[in-house]
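Q: In case you want the letters, here they are:
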Amino acid sequence: MAEVRAEMVANVWKVVVNEGDQVSDGDTLVILESMKMEIPVISEDDGVVAQLKVAEGDVIQEGDLIAVIE
Amino acid sequence: MLTETLGPVLVANRGEIARRIIRTVKRMGLRAIAVHSEADADLPFVREADEAVLIGPANPAQSYLDVAKVLEAARATGARAVHPGYGFLAENVAFARAVIEAGMVWIGPSPEAIDKMGDKINARNLMEAAGVPVAAGTREPVTDLSLALRAAESIGYPVMVKTAGGGGGIGMSVAHDEEGLAKAYEQAARAAARFSGDGDALDGPAVLLERYIERARHVEVQILGLPGGKVLALGERDCSVQRRHQKVVEESPSPGITPELRERMLAAAARAGEAVGYLGAGTVECLVDADKQDFVFLEMNTRLQVEHPVTELVTGLDLVELQLRVAAGESPEVSAEPRGHAIEFRVYAEDPKRFFPGPGKITAWDEPTGDGVRVDSGYESGNTVTPFYDPLMAKLCVYGSDRAEALEKGRKAVAEFVVEGPKNNLPFCAELLENAEFVTGDYDTGLVARMRA
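Heads up: the protein sequence lines correspond to chains A and B, in order. Take -14 as the starting number for the first sequence in the numbering used here and just add one per residue. Take 318 as the starting number for the second sequence in the numbering used here and just add one per residue.
All the pointers check out, no bait thrown in.
In silico EDC-like cross-links for lysine to aspartate or glutamate, where the CA-CA straight-line distance does not exceed 16 Å:
{"no.": "1", "chain 1": "B", "residue 1": "Lys547", "chain 2": "B", "residue 2": "Glu647"}
{"no.": "2", "chain 1": "B", "residue 1": "Lys678", "chain 2": "A", "residue 2": "Glu47"}
{"no.": "3", "chain 1": "B", "residue 1": "Lys500", "chain 2": "A", "residue 2": "Asp12"}
Here are a few chain A residues that sit away from chain B, every Cβ distance over 10 Å (derived from the structure):
{"no.": "4", "residue": "Met(-14)"}
{"no.": "5", "residue": "Asp49"}
{"no.": "6", "residue": "Val53"}
Source of the hints: derived by calculation from the structure; they are not laboratory data. Beta carbons: idealized from backbone N, C-alpha and C, even for Gly.
Take these sequences, add in the hints, and give me the full structure.
A: Right under this line is the structure:
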């Protein structure tokens, strides 16, 4: 199980995957936006998106849980 | 018209540039009015204005980019002129028109000139017709990938892919082959659809391709259009220190061009301005091939530029004052004989290694001072740098009698600047000031990538 957490304060611009999706190492899970920059959040494991904790438009803080990959 | 009749002046911007404009407006004896979002209520520019109007929530679309709200604030406060700063509504044709139609003075070039230069494809074609050199590239909007692939083949790789509208490096990338082009095109098309302020996206995202010059320098010319049509060229700025195609450090004069090339570039920039009947301050951006000592037109920015202080330090001019005087119909006597050397460091809220955004609360803020040091800042201790706007916190500018002295002052000032809380790139600036390429002046737009390779 791998937790994916936010590295900075940001807005969730786009959610690319759904819970239950199969993902591979390097796949984009969500795209954040902070300070006019798009920041893709990448899965670092192969697995299934067990939990997805953010929705488009959310404001998230550094350290917030974005997704869990199993 | 006299400048006294311009006041009150509404400043339709935020942060360091709003503060900097307000300073000159007040020095000229005019009332300065700020507009701000909820997120910016505690920033210095709000307090330093003679009057400030809350225009909406943090989201720029509902505040700084909302034409109706900014205009309503102008009406309510009796503003007689509007200064847009840079970014936000500065190059928005509909906003410029609305200001003029509301009977106020627009401190900027005519909406027609903004319109002509705002579309990079149109601008390229116009400049070519005016005898300004342009890079090989597309003359029509590229609206799908198959067109892009065909265009790239005839231009030759590598190609620069960018959006026809917009600026600030957003959506811009280099493609070295077909596979790279597919990615670059998708990125540019998405940015075009997303950031277009005036409904461009309705016609399909407009993208352009240009021959990419490797190891190029980015050198731009400051121009000032006077009433009556004459356009002056007020010297150049070298902006080759870039990350993600966004400038980090700028200097003047450029250490990479000969006096002969400078003369040719200044003449071409004045011609470019005259070709569109340019009024007020603007910038003609060029790419320079330092080995061949040749240049091509890149784009024209129809507004005050972030890095304008570099020009102010070497010429002694106040470009905001000149903007106001020209907008009021005056033809100021301007002689720009640049002297000495100036460097600007953009102090960004970002980590100094990967340059990723690092907003946060500022717990300590202490600006360097001294002879030849100028700081244009938007924040102070206790403020919060929020994720809603660009990461520029301050511009640290230094001036010396020559480049070596400016570098030395830069080292000292960077070391003295205290910023605690948000991540910031001052350590990067310090590193740059010891980098052999930068120190010798023999660098190009690939410098930062090489430092991080």
